[in-house]
Amino acid sequence: MLEMFLNPWSMAAGAGLVSVPIIIHLINRMRFKRIRWAAMEFVIKAQKRMKRKLIFQQLLLLFLRCLMIFLLGLLVGRFLGLNPLDGRESRTTAHVVILDDSPSMGDTFRGEDGQMSDAFAMAKKVLTEQIAPAASQATTVQTLDLMILSDPENPKSFERINNTSIDAVSTYLNSVTVSPVRGSLVEALGKAKKTLDEQPGTEVTQVIHVLSDFRSVDWELEADKIKTTIADLTTARVKVHFVDVAHPYRKDEKQSPLYHDNISIIELKPAKLVTARYEPLEFALVVRNNGATELKDVRFPISVNGDDAKGLSVQFSTIPGNSVEKINFSIALDRIGTPENPLDRFSLVTARMEGTEPGGIAIDNVRHAVVEVRERLPMLVVDGRPADREKKESDSFYLQRVFSDTIGGFRWVPGTVRDLESDLRQYTCILMLNVPTVSEAAVKNLEAYVRDGGGVGFFLGPDVKPADYNRLLYNEGKGIFPVPLPDQPSDVIPDDVMIIRRFSPTKKILLRDPALKEHPAVAPLYTDERGYRVKSNDELEKFFPFISIARYWPVKRLGAWRDDPTVKELFCMPNESQMGTYDKTVIDFLNKLPIDEPKYAKYKPQLDELKTKIRSKALSTDPLYELAALFDQLLVDQRSDGRPEDALLREFWSLPEIGDLKTEAMRLRDLVKYGDPFSFVKTFGRGRVSLITTTAGETWNDWASLPPGNACFQPMMRELERYLSGGTAEDNRSVGEPLRLELESARYRAGVNRSFITFDPLKGLPQGAAPELKPEDLKEQVMTTEGENHLLEFKDSRKPGGYYFTFTQIKAQTAGGEASEVPEYVGHVFNVDAKHEGDLRRVSRDDILTNSPGAELHSAGDPGWVDSLKNKKTDWTEAGWIFLVLLLVLIFEGALAVKLSHHTAPGTMDHAAPTVAAMLNRTGATPAANG
Amino acid sequence: MAKSDDDPRRFLDPRVISKISQLDLRAKQAVAGFISGMHKSPFFGQSVAFVQHREYVPGDDIRHIDWKVWSRSDRFYLKQFEAETNLRCTLVVDTSESMLYGNGAMNKYEYACTGAACLAYLTAKQQDSVGLVTYGVDINQVLPARSAMHHVDAISRSLDLSKPREKTDVYKAMQRIAEHTPSRGLVVLFSDLLADREPIFKGLEMLRHRRHDVMVFHIMDDDELTFPFGGMTRFEGMEELPNLLCDPKALREGYLEVLEEYLTEVRRGCTRMGVDYSLVRTSDYLDVILSQFLHKRMSNKASPARR
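Line order of the protein sequences matches chains H and Y. The numbers in the working numbering rise by one with no breaks, and the one at position 705 of the first sequence is 705. The numbers in the working numbering rise by one with no breaks, and the one at position 146 of the second sequence is 146.
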């Protein structure tokens with residue numbers, strides 16, 4: 001009973017006081033006047049008449065007065081409720097605070113005091129000025145463990161919370177800043193629970209505080225996991241408090257809180273990670289405007305190894321709100337490694353946004369790329385006919401001219417099939433020209449090479465053994481080869497037919513699908529140097545009609561490879577069949593066109609005209625491509641000549657009931673338009689493979705040799721090489737992400753030297769000459785050995801920049817010599833995860849509470865919630881309603897007391913005793929009260 | 001509150017009269033004060049014995065002009081006759097214990113006695129005969145009606161000597177009066193009527209039945225009319241009524257309602273029987289009683305049929 005009150009003795013006194021009104025009532029009844037009264041008859045009658053009413057009113061008044069004193073007693077005694085303990089107050093409470101230090105916590109804003117602050121500083125403030133002081137006021141033991149989100153493995157324990165430990169927390173937090181590493185809340189919650197479970201004692205109340213900015217992107221990515229984790233915590237009776245520290249402070253009535261604008265560089269991607277000295281290397285800079293405001297003339301200086309002079313500056317004329325903009329630029333890198341400074345082979349390219357943002361986070365305004373620069377890039381070329389290597393008829397003849405003479409920076413390494421069994425990692429790409437077959441060891445080696453990011457280009461030819469290719473390289477889709485080959489190459493075409501084809505104005509190579517213009521293998525062919533799409537295809541494709549392909553390997557279009565998402569058919573040849581092959585199918589299709597139905601009357605003129613044309617064409621002996629052109633005109637989905645009727649046709653094909661017919665039309669168009677495939681690409685692991693179904697030399701075609709068709713050979717080969725060697729460039733690593741590398745344990749030593757280099761323009765740009773960036777030594781790491789391989793697991797990327805690894809390769813013992821050790825260098829770049837962290841949208845209250853059942857969401861702007869941490873017994877005085885009840889009782893009691901005091905109202909006499917009232921008025925006398 | 005010196009009613013204030021100890025003096029004082037405020041004297045009785053002629057003055061009743069004298073002298077003279085006693089007035093005063101209550105200058109009994117004495121004096125002065133009956137449970141004193149002035153003194157002394165101390169029985173008193181007053185006359189009752197209504201009405205009915213003119217001066221104290229008490233009070237009942245401890249303020253409204261019912265019942269009962277009823281409170285000036293009395297006399301003269 002006593003535990004129900006904070007001040008039990010006050011309540012006991014209050015209980016005694018409840019009897020006071022009764023005592024006063026009794027005393028009043030004992031003290032009375034005596035009057036000898038003549039008109040007792042009236043008094044007795046009045047008493048009888050009013051007895052019930054009076055007793056009820058008096059009892060009600062007495063009850064109200066007792067209730068009033070009782071309520072006052074509850075207030076003074078601090079009543080805690082009927083179940084005040086709830087098993088908490090007497091127990092030790094362990095707090096784990098998860099402090100979000102992800103980059104988005106660096107979201108700056110101008111505080112009420114005019115000073116710039118950020119969400120992380122607010123989080124520190126909430127911890128040291130709200131949570132810890134409140135917990136220190138609790139009567140039971142309170143412990144605190146602080147966990148930084150980016151480093152949940154190492155929570156810092158502050159033992160019991162008191163003034164000293166709060167000072168220690170403040171001191172510790174002074175050294176903690178926003179980390180570039182993006183942490184996982186789910187992981188941190190798991191670790192926090194583990195930390196709580198490690199607390200000594202069985203009866204411990206467990207509380208987790210998450211001080212974070214609650215960005216939408218985090219919750220969208222991990223919603224299910226968070227829900228499960230929080231549900232588990234709630235089941236385990238762990239109280240979870242979410243405190244939103246982001247600015248503007250979250251308000252209860254606002255479901256979706258406001259957020260600051262922010263610009264992020266989400267990609268800085270070189271076309272390839274290894275380039276030749278002085279050769280222009282293309283970079284793609286992708287910027288996202290996460291705010292709603294359009295930005296104009298935003299400039300991004302690019303520095304090379306911290307030197308703006310060696311870089312350039314690119315500018316976006318406009319970046320609309322909530323959009324992603326991309327720009328391409330090229331830089332020629334000149335620094336290569338020297339024996340003294342072997343790591344100089346890596347160049348650190350840094351893009352940054354010029355100027356400062358008014359709000360948002362700054363750390364995502366900088367992005368790095370690491371490119372290895374070599375004097376020449378070795379390219380291994382395996383020719384199926386090595387004897388003819390220098391001859392004009394050989395497959396490598398024209399390619400060698402392209403890569404040695406026209407395009408600089410390559411070292412042409414002629415090799416044999418045996419060379420494929422050696423270490424291939426030094427080559428930027430490998431070209432396989434009419435190679436009859438490869439050994440199983442070579443296949444294995446090739447697969448490893450491609451999987452690690454290498455590129456292999458296949459050109460087929462007459463010597464190719466399709467069975468070996470299919471068995472070893474294709475391997476039912478599991479190998480690097482994209483498609484299975486047929487048993488035989490295409491038939492020899494008679495000369496007269498070849499002459500007819502040569503002079504036909506159709507393109508001999510067709511892009512299989514207009515959407516493929518975005519494919520990385522061909523995208524540069526259709527974009528300008530800034531990365532913008534060129535309006536006309538003619539620059540390149542105008543040479544396609546002059547190519548003459550006599551033979552090729554006719555890969556069957558139907559096959560399992562079509563379902564493989566890693567394989568894409570890029571180009572194909574036109575359908576050279578006779579018109580008569582398709583006339584019946586076409587006529588059948590035309591008959592299905594519902595042009596006579598009244599509801600399609602508006603489309604009838606256009607459809608009628610095309611129908612007539614297609615019908616007459618299908619019944620003619622004209623080349624098939626002319627029919628294909630008419631189908632293109634009918635479907636208007638690939639090109640538009642700007643004719644006014646095109647809009648009507650598009651409208652017709654977009655009608656939902658025409659859907660099936662449209663699919664049939666497209667299938668028919670593809671059938672008459674596209675012939676056998678010409679080239680394929682396939683991604684395999686991190687690497688890429690390309691396949692051209694004909695020869696690279698003039699054996700089966702004149703693509704490389706005969707002008708003017710050969711004018712497109714060189715740019716397409718250049719893009720081919722860029723695509724093949726750019727596999728690893730797709731990596732977009734974020735700081736904190738683990739890096740895994742596997743090396744043969746027989747050929748490499750286990751020790752790896754690690755270095756780190758970065759350039760941070762946010763710390764202030766140097767005046768005058770750029771300082772020379774020096775790599776920081778990260779000490780040696782010993783790789784673990786698994787089977788035949790060493791495994792490097794690197795998890796220490798805590799800052800954005802370049803991380804360089806120096807492996808030691810053991811060269812095999814040569815004749816007469818000793819085994820030697822050769823260093824091998826690998827560079828990787830780690831950046832802030834700007835894609836996720838730069839998006840400052842905040843998750844709505846409903847989403848948080850739905851995904852975290854049992855948790856409570858608080859705002860840093862409303863610190864009232866910390867009172868619950870004081871672990872004080874919450875008494876009824878803290879609820880306003882008891883005061884309201886007391887006030888109502890007071891008012892009611894006062895009103896009843898006034899009523900029962902029976903002050904004579906002016907009209908009482910007139911109402912109750914009109915006779916007497918009339919008499920009094922008549923005589924003008926007023927009765928004098930005796931009472 | 002004292003009236004100004006010019007106001008003739010100053011003599012009628014109970015607070016003034018109460019300072020006069022002797023009842024007969026009180027009556028003289030009151031009646032003198034009352035009459036001095038009148039503009040004419042309508043108090044000559046009807047008689048056959050001629051006394052004198054008096055010159056007419058405006059305001060005199062022209063019925064009394066002696067036209068024979070006018071025919072001779074061309075002047076208006078009034079004929080004045082010696083007044084004759086033509087009224088038997090019986091003053092009935094209640095001497096029950098309840099009449100002792102009073103919180104003002106006079107209690108109800110004193111006020112009743114003063115009123116009765118005034119009427120006795122007034123009546124005697126007009127050479128009418130006046131008698132007195134006081135009653136409680138039974139008849140206490142009976143003074144037969146006489147018209148001599150010294151009879152007023154006897155009435156005064158009788159009233160002085162009577163001390164209210166017991167219950168009341170109005171019916172019995174009325175019965176006795178009816179039995180002992182064979183000829184019809186005027187019966188003036190001074191009482192607080194705090195008794196059962198039925199015997200009261202029966203008694204009055206009996207008097208009326210015997211062709212008596214009945215006047216009731218219902219004397220109530222101010223406290224009894226307004227019930228102005230506050231605080232816990234024990235009301236100790238007079239006339240053997242029980243005591244009651246209560247908060248009078250809480251009861252006041254109910255009290256006034258019961259009182260109103262009572263007054264209404266009494267008034268209606270009296271009106272029904274043709275009894276002149278006047279509610280008088282002890283703070284009322286005595287002219288209430290005197291004027292009521294004279295009004296009654298005059299109305300009787302004006303409407304002899306009632307007699």
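Any given hint could turn out to be false.
Said to hold, decoys possible - The calculated DSBU-like cross-link candidates involving lysine-lysine, where the alpha carbons are at most 30 Å apart (straight line), are:
id, chain 1, residue 1, chain 2, residue 2
1, H, K33, Y, K163
2, H, K811, H, K835
3, H, K45, Y, K172
I should point out that these hints are in silico values taken from the structure, not numbers from a laboratory.
Hint check:
no.: 1; hint: K33(H) <-> K163(Y); result: 26 Å, holds
no.: 2; hint: K811(H) <-> K835(H); result: 42 Å, violated
no.: 3; hint: K45(H) <-> K172(Y); result: 26 Å, holds
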